[in-house]
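Protein chains: 2
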Amino acid sequence: MPCSIARSLEVIGPWWALLIIRDTFMGVRRFKDFEKSLGIAKNTLTTRLNSLVDGGILERVPDPQGSKYLEYQLTGKGLELFPVIVALSQWGDKWAVHEDGPSFEIIDTRDGDPIPQQAIRGKDGLPIPREHLGQRPGPGTIAQREREGRA
Amino acid sequence: MPCSIARSLEVIGPWWALLIIRDTFMGVRRFKDFEKSLGIAKNTLTTRLNSLVDGGILERVPDPQGSKYLEYQLTGKGLELFPVIVALSQWGDKWAVHEDGPSFEIIDTRDGDPIPQQAIRGKDGLPIPREHLGQRPGPGTIAQREREGRA
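Chain order of the listed sequences is A and B. Per this note's numbering: the first sequence = residues 528 to 678. Per this note's numbering: the second sequence = residues 528 to 678.
Incorrect hints may appear among the rest.
Copies of the same chain look alike in the list, so a pair counts if it fits in one copy or across any two.
To be verified - The calculated DSBU-like cross-link candidates involving lysine-lysine, where the alpha carbons are at most 35 Å apart (straight line), are:
#: 1; residue 1: Lys621; residue 2: Lys650
#: 2; residue 1: Lys569; residue 2: Lys650
#: 3; residue 1: Lys604; residue 2: Lys621
#: 4; residue 1: Lys563; residue 2: Lys595
#: 5; residue 1: Lys650; residue 2: Lys604
#: 6; residue 1: Lys621; residue 2: Lys563
#: 7; residue 1: Lys563; residue 2: Lys604
#: 8; residue 1: Lys595; residue 2: Lys650
#: 9; residue 1: Lys569; residue 2: Lys595
#: 10; residue 1: Lys559; residue 2: Lys621
#: 11; residue 1: Lys621; residue 2: Lys569
Think of the hints as simulated: they come from the structure by calculation, not from any bench.
Produce the entire structure from the sequences given, and follow the hints as far as they go.
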């Protein structure tokens with residue numbers, strides 16, 4: 528399937544994977560802290576962390592304080608999932624919020640304020656009005672059509 | 528769970544839901560076209576479409592050409608998932624791309640060019656450097672801690 532969305536979902540894995548990635552963005556690094564945050568069984572968590580390590584999203588690193596425990600951190604590939612986390616959390620803050628309000632806020636640490644609602648922006652840096660957002664077949668679809676035409 | 532990400536994932540549903548939402552953004556509106564695009568069994572597709580209608584993401588509308596078939600369109604709540612689709616597709620274009628290249632490109636219809644790589648932007652409209660992105664507990668976590676403190 529050449530669709531990048533379908534392929535991303537395959538690499539990131541099921542929904543629970545995004546909750547582990549969220550925790551990692553929030554500073555969780557140790558097995559026991561993931562366990563506490565997610566409230567899942569040790570063997571389930573082990574399988575899930577292994578799957579994210581295998582997918583190149585997380586990597587195991589020695590504890591910088593020198594304990595015998597390994598810690599988990601996002602790879603470069605994993606760090607670049609931050610916009611997915613932001614998009615999901617801003618949508619959820621509006622459309623799926625708990626009665627108590629959001630459990631966390633993503634902030635700009637320079638002023639400590641929550642980041643503003645994000646928009647899809649064009650080359651000029653300005654938000655693109657929804658009616659001007661479109662799509663066209665990419666190289667993957669064109670290659671597929673050519674193969675089908677030849678077959 | 529007060530986390531907006533966890534709650535969004537609950538509303539949007541499993542991964543397959545995002546592929547239906549992607550198709551809808553790409554202009555698919557009829558049952559038979561979803562079936563063709565997704566390659567899944569009719570009864571599975573029916574269950575999935577019903578679940579997105581129940582979740583308030585899709586709605587059924589009469590065919591504007593007057594046929595007896597209903598069409599599916601995104602609600603306001605569904606349309607606002609566009610940034611999630613963009614974030615996943617840009618990540619996938621970089622980290623999970625097919626050898627043929629992406630299957631589609633999201634474009635600004637005013638110039639027909641693909642939209643640029645999106646960044647997380649601050650109040651001034653400028654990209655926030657990663658080291659300045661942080662998080663803090665939100666009202667949901669504070670309320671929960673207060674309840675636990677009282678218990």
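Enumerated hints in conflict with the structure, sorted upward: Violated hints (numbers, rising): 2 and 8; every other hint is consistent with the structure.
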